[in-house]
Amino acid sequence: MRLFGQEKTYIFPVFVMGLFSVTILAGFIGTLLPSFNYLPVIGHTNLSLSVWFDFFSYPGIQTSILVTIFSGMTASFCVVTLAFLFISVSYENALWKFFEKILSPVLSIPHAAFAVGFGFLIAPSGWMVRLVSPVLTGFHTPPDWILLNDPLGISLTIALVIKEFPFLIMVAMGALGQLDIKKTLLVGRALGYKKEQIWLKVLIPRLYPHLRLSIFAIIAYSLSVVDMAILLGPNTPSSLSVLVLKWFNDPDVNFKLLASAGSLCLFFIVLVSIFIVYLIERIAHFFLGPWITNGKRSSFLALFKPFIAFMGICIILFTIISSVILVIWSLAWQWRFPDFLPTTWSLNFWAKGMVSSFDPVMTTVVTGVASAFIGLFLTIGCLEHEGNYRKNQTNQNQNSQDLIGLNQIRKKRTNNFIKNIHYFLYLPLLVPQITFMAGIQLLLVIMKMDGYWITLMGSHLLFVLPYMFIALSATYLSFDERVTDQAMLLRRSYARVMLSVKWPMLLKPILFSFAIGFSVSVAQYIPTMLVGAGRFSTITTEVVNIASGSDRRIMAVYALIQQCLPLIMFAAAIIIPKILYYNRKGMQV
Amino acid sequence: MRQFFLIFLSLLFLGFLSQAHAVDWEEIEKKAKGQTVYFNAWGGSQPINEYIQWAGRLVQKKYGVRVIHVKATDIGDVVSRILVEKAAKKLQNGSVDLMWINGENFKAMKENTLLFGPFSQNLPHFQKVDNQKKTLKYDFTVPVDNLESPWGMAQLVFSYDTSQVLKHPETMSDLLAFAKKHPGKFTYPAIPSFHGTTFIKQALSELIHDPKILSQKVSAPDFEKHTQPLWDFLDALHPLLWRKGKVFPTSGSQMLSLLNDNEIFISLSFNPNSVSNAIENGELPNTIRTYIHKGGTIGNAHFVAIPFNSSAKPGAMVFANFLLSPLAQARKANPKIWGDPSVLDIKKLSGPDKKLFDDVPKGIATLSADELGPGLPEPHVSWVQALEKEWLKKYNK
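For the protein sequence lines, the chains are A and B, in the order given. According to my numbering, the first sequence is numbered sequentially starting from -10. According to my numbering, the second sequence is numbered sequentially starting from 4.
Rather than coming from a laboratory, the hints here were simulated on the basis of the structure. Predicted model, so just to flag it, every value in this text is computed and none were measured. Cβ atoms here follow ideal geometry from the backbone N, Cα and C, with glycine treated the same way. Each hint should be verified, as a subset may be incorrect.
Covered stretches of chain B (in silico footprint by chain A; criterion: 3 or more residues with CB under 8 Å from a CB of chain A, positions within the stretch not fixed) [stated by the list, open to error]: (1) 104 to 117; (2) 124 to 132; (3) 219 to 229; (4) 237 to 247; (5) 285 to 298; (6) 349 to 356; (7) 369 to 380.
Think about it this way: if two alpha-carbon atoms lie no more than 25 Å apart in a straight line, the pair counts; the simulated SDA-like pairs of lysine to any residue are [stated by the list, open to error]: (8) B:Lys396 / A:Ile58; (9) B:Lys392 / A:Gln51; (10) B:Lys397 / A:Gly49; (11) B:Lys400 / A:Trp322; (12) B:Lys357 / B:Trp45; (13) B:Lys397 / A:Asn238; (14) B:Lys247 / A:Ile54; (15) B:Lys249 / A:Thr34; (16) B:Lys400 / A:Ser46; (17) B:Lys113 / A:His33; (18) B:Lys365 / A:Gln51; (19) B:Lys184 / A:Gln51; (20) B:Lys113 / A:Thr34.
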C-alpha cells in the first residue's frame, strides 16, 4: 500500500548522504594535500614525503601515538565490557529503572565541564584528599602524587569510561526494545539457564549488531578526544590529538603541514582500531560458538553481580559529584587546600557570568534549536524511508516468485545503497573532527561562506544528525505499523496519518532525540571556532576561553550555564508529553 | 650640493606628511564612524574581558565605533584563520579587524605579510608613548616597524607564598637550593608555552657566561657551548620539581591555581601586577608576594595589530588610539581593574592626564618601578627556537 508522498521519501537519505560525503571528502582533501607538502599560501608546492619524515621524527611522537592508542583502546574496551556486564546483571531491576531516569541529565553534561570537576575531585589537592586532610592524613600541603595528567593517560582513560559508559547504555536501552527479551528469558529459564547466562549467551550476541556503530563511534571519540585530554591527559608529551591542535595553532605556519600529517595519522589509528575490533568480532564468533552451545547453565557472573552494580553506581556518582564541585566553585570567593569547603563565599561570579553570558547563550539556543529541528526533519525522513523500505522488502519476499525481473533487481540495488545510509551518517563520528574541519574551513573561506550563521548551523548539523539518528531509530522503526495501516485505510492521506497518528504516538522519543540533538549542538567547539570565523560566540566557546585562564570560579559559572541548557531541553522532553497527554495514560509512557 | 638639496626636499616632504597627519586623523575618525571592529583577543581572564568591554562602550559613545571582543583561547588560532583567508584570496572583508598580539605570532604575521601598516605612527596618542623603551621598538627582537601599536608592558616576576617560604630565592642557583629544601614545590609551564619559554630564557640569561652573545643570531657550535650550564641546571632541577618533572603545567594560568592550591610555593607571571589583581578578586590569598632575581628579569611588551584584510581599518585605528589614551592606559594600570603596566611616558603627561596616573593605587603585592629595574633584553629570536627544540628533545619523552 503506497500513498502520495510515501515513495518520495528516498529524497531524504539521498540528500543526507550527498551532504555528508561531499563535505567530509572536501575536508579530507584539504588535510591530505598539506600532509604531502602542498600548501601554496606558505610557499609549499612540491609534493613530497618530507612532512611525514618530520612528523615521525618529532621529539616524543612515538610516546604520543602509543599513549593515544593505549588510553583510547583501553577506555573503549572497558566501556563495552562494563556495559554488557551491567546490562546482563541489572536489566529491568531497580538500578536499571534508576538509570533510565538519570541517564539523560548525566549525558547532557559536556565533556569539558565534567573533566574540570573530575580533575578537581581526584587531584592530590582535590576534594577526595581534602575530605580526609589534614585530620587523617596530616597533609597541610597536598602530596606530590601523579594522579592527574599521568604519563600513561590512566586518569584520562578513567574519565573517558565514566563519560562514555552512560552513552552506550542509552543506545542499548533503545536497541533492547527491538529484541524479544521477555520471551527469550522465559524460554531460557525453562531450559534451566541462569538469567545472566541467557544474557551472555543469547541476548548480548543479538544486541551487539545494534550497538556496533555506536561502539565504533566511541572508539573514534576516545582516540581523538581533545578537550578532556588537555585537562586530564599527559602533557610531556601530550596525546596525538592535543599535539595536532597545538600544531594547528602554532604561530610558525610551517607547523600546519605537520598538523595535517598528524591528523591523518590520527584518522589512520582510528581506522586500524576499528578494523581490529572487526577482526576481534570474527574471532569471537569463531571461538565463542562452542561456548554458547556447551550447555552449561550456571554462570560465574552471578558472583560479580554486586561488584558490577557498584561500578555502575560509581560512574553515576562520579559524574554527579563533578557537577556538585562546579556548583561549589561557582559560589566560592576563596578556597584553598586543605579546606573542604570555601572559606569565603560570593555570588559575585554568578552576577557577572549571567550578564556576560547572555548573548552567547542566545546564539547557542537559536543555533541548537534550529539544527535540532532540521536534524529531526531529516532523521524522521530517513527513518520513514527505511521503514517503508523494510515493509516493501517483506511484501516483495512474499510474492517474489512471479515478480523477479530486471527492474526489480535494479531497484533492489539502489535500495541496498540507500540502506547503507547508517554508515554515511556515522562518518562525522568516525573521522576525527580535526581531520576534516580544518579542510572545510578553507573550502568555506574560498566560497566566501565562512562566518555566516547558516554555515555554522550546517556544521553543527553534521554532528547533530548522527546522534539524533542513533537516539530515534530503534524506537521509530519498531513502531507498530498496524496502527498507521489502519489509519490509512480510514483516511488516505500519508501526511495526515503521520501528523495526527504516528508522530503524536511517538512524541516522547521524538522530543528526546530533539533534546539530544540540541545538546550535541551546544557542545560543539571546533566547528564553531573554525566555521564561525569568530563571529559567533556560543556558551561553549566562552567556557573554553575562560578555561584557558586560571579563575575556576567564573569557569564553574560558565560550565554550569552550559550544562543547564541541555538539561532544560531534556526536562521539556519529559514534561511536555505529560502536559499534552495528561488525560491519556497510555500515551505518557 | 645635490645631496643637501635632496635632504632638504625630503625634510620638506616629511613636514608635509606630518601636516597631512592631523587632517588625515579627522578623516579617519569620520570614516570610522559606524564601523564594527572585531577585536580578536585572548579571553581567558574575566578582569581583562571586562576592561575590553569598558573600552568598547566608551569608543562606541565617543566615536561611534562598535567593538566586538572575539575571544580566543590562543591567538595562534587567529593567525591561522587570517592565513587561511589569504590562501583563499580573501583580500578584503577579512574576519579580523584588530588583534592582540606579540612575539612569535607577530613574527609569523610579519613574515607572511599578513599585517596592515605601518600605521601606529599616525595615532595621535602614539606621541606620548615611551620611546626610550627598546621593547616597544623590538617585539622579541623583531623590529616593530609601526606594524603594531603598543598596548602594555610585561616583565617576568616570581611570586611566592610568604606563609610557607620565609626568604625568597634571588638567583637561579638560589632557586635550585629552594627546590632541594622543598622538593616538589616549584615548577614551570611546559615548553613551548609562553611562560615556560620565558623561564628558560631567564635561566639562560642568568647562567650563561657571556650574556652579550644572546643578542646575536645563534650558531650551532655556539649553542652547544653556551647552553651547557642551562641544561646542567635543568637536569639538576627537574627531579626536584612538582611531580618530579614528569608532569608540567600547560600554561602560566595553571600555575596560579597550583599556587592557590598550595601545590607549589613559587610561581611566575608576566604581569608585575597580576598577583595584586588576583588578591584583589579573591583568586589568591593575601600572603602571596612578588619578587625578581638580582640581575633583573626579562621584559617585553604586547601590542595590537591590524590584519591586511581588515574590513574596518579606520575603526580599528580609532580603537587602537583609544587604547593608548591616558584614560584607558591609567585604568588598565590599576591593579583593581587589570594592573597591566602602561606604555606611556608619564613625563610627557601633564595636568589631568598626569593626575589619572597619580591616582592609580599601588598593588599590594606589586614591586615599584625601581625594584623592577629596566628589565633584561630578550635573546635573539633564533635562540628561542633552538632552545625550544632542544628542550623538547631532552625532556619530552
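Evaluated hints:
1. A count of 6 residues in the segment 104 to 117 of chain B with a Cβ less than 8 Å from any Cβ of chain A is obtained; the coverage claim is therefore met, three being the minimum.
2. Only when three residues or more bring their CB closer than 8 Å to a CB of chain A does the claim for the segment 124 to 132 of chain B stand; here the count is 0, and the claim is violated.
3. Closer than 8 Å: that is the beta-carbon criterion, and the segment 219 to 229 of chain B has 0 residues meeting it against chain A, so the requirement of 3 is violated.
4. With a threshold of 8 Å between beta carbons, the proposed coverage of the segment 237 to 247 of chain B by chain A holds, since 3 of its residues qualify and at least three are required.
5. Given a C-beta distance limit of less than 8 Å, the hint that chain A covers the segment 285 to 298 of chain B holds, as 3 residues qualify and 3 suffice.
6. Counting residues of the segment 349 to 356 of chain B whose CB lies closer than 8 Å to any CB of chain A gives 0, so the stated coverage by that chain is violated, three being the minimum.
7. Restraint check on the segment 369 to 380 of chain B versus chain A: 0 residues with Cβ-Cβ distances below 8 Å, three needed, restraint violated.
8. Annotation: proposed proximity of B:Lys396 to A:Ile58 holds, straight-line Cα distance about 22 Å (limit 25 Å).
9. With a C-alpha separation of about 17 Å, the suggested pairing of B:Lys392 with A:Gln51 holds against the 25 Å cut-off.
10. Annotation: proposed proximity of B:Lys397 to A:Gly49 holds, straight-line Cα distance about 9 Å (limit 25 Å).
11. A distance of roughly 39 Å separates the Cα atoms of B:Lys400 and A:Trp322; the hinted pair therefore is violated under the 25 Å criterion.
12. Of the supplied pair hints, the one linking B:Lys357 and B:Trp45 is violated, its CA atoms being roughly 30 Å apart against a limit of 25 Å.
13. Between B:Lys397 and A:Asn238 the CA atoms are separated by roughly 23 Å; this keeps the pair inside 25 Å, and the hint holds.
14. Simply put, B:Lys247 and A:Ile54 have alpha-carbon atoms about 23 Å apart, close enough for the 25 Å limit, and the pair holds.
15. Taking the CA atoms of B:Lys249 and A:Thr34, the gap is near 40 Å; set against the 25 Å cutoff, the hint is violated.
16. For the proposed pair B:Lys400 and A:Ser46, the alpha carbon gap of about 13 Å is at most 25 Å, so the pair holds.
17. Distance restraint check for B:Lys113 and A:His33: the Cα-Cα separation of roughly 18 Å lies within the 25 Å cut-off, and the hinted pair is therefore satisfied.
18. A distance of roughly 50 Å separates the Cα atoms of B:Lys365 and A:Gln51; the hinted pair therefore is violated under the 25 Å criterion.
19. Taking the CA atoms of B:Lys184 and A:Gln51, the gap is about 35 Å. The hint is violated against a cut of 25 Å.
20. For a cut-off of 25 Å, the pair hint linking B:Lys113 to A:Thr34 stands: about 21 Å separates their Cα positions.
Checked against the numbered hints given earlier, the structure breaks hints 2, 3, 6, 7, 11, 12, 15, 18 and 19 and satisfies all the rest.
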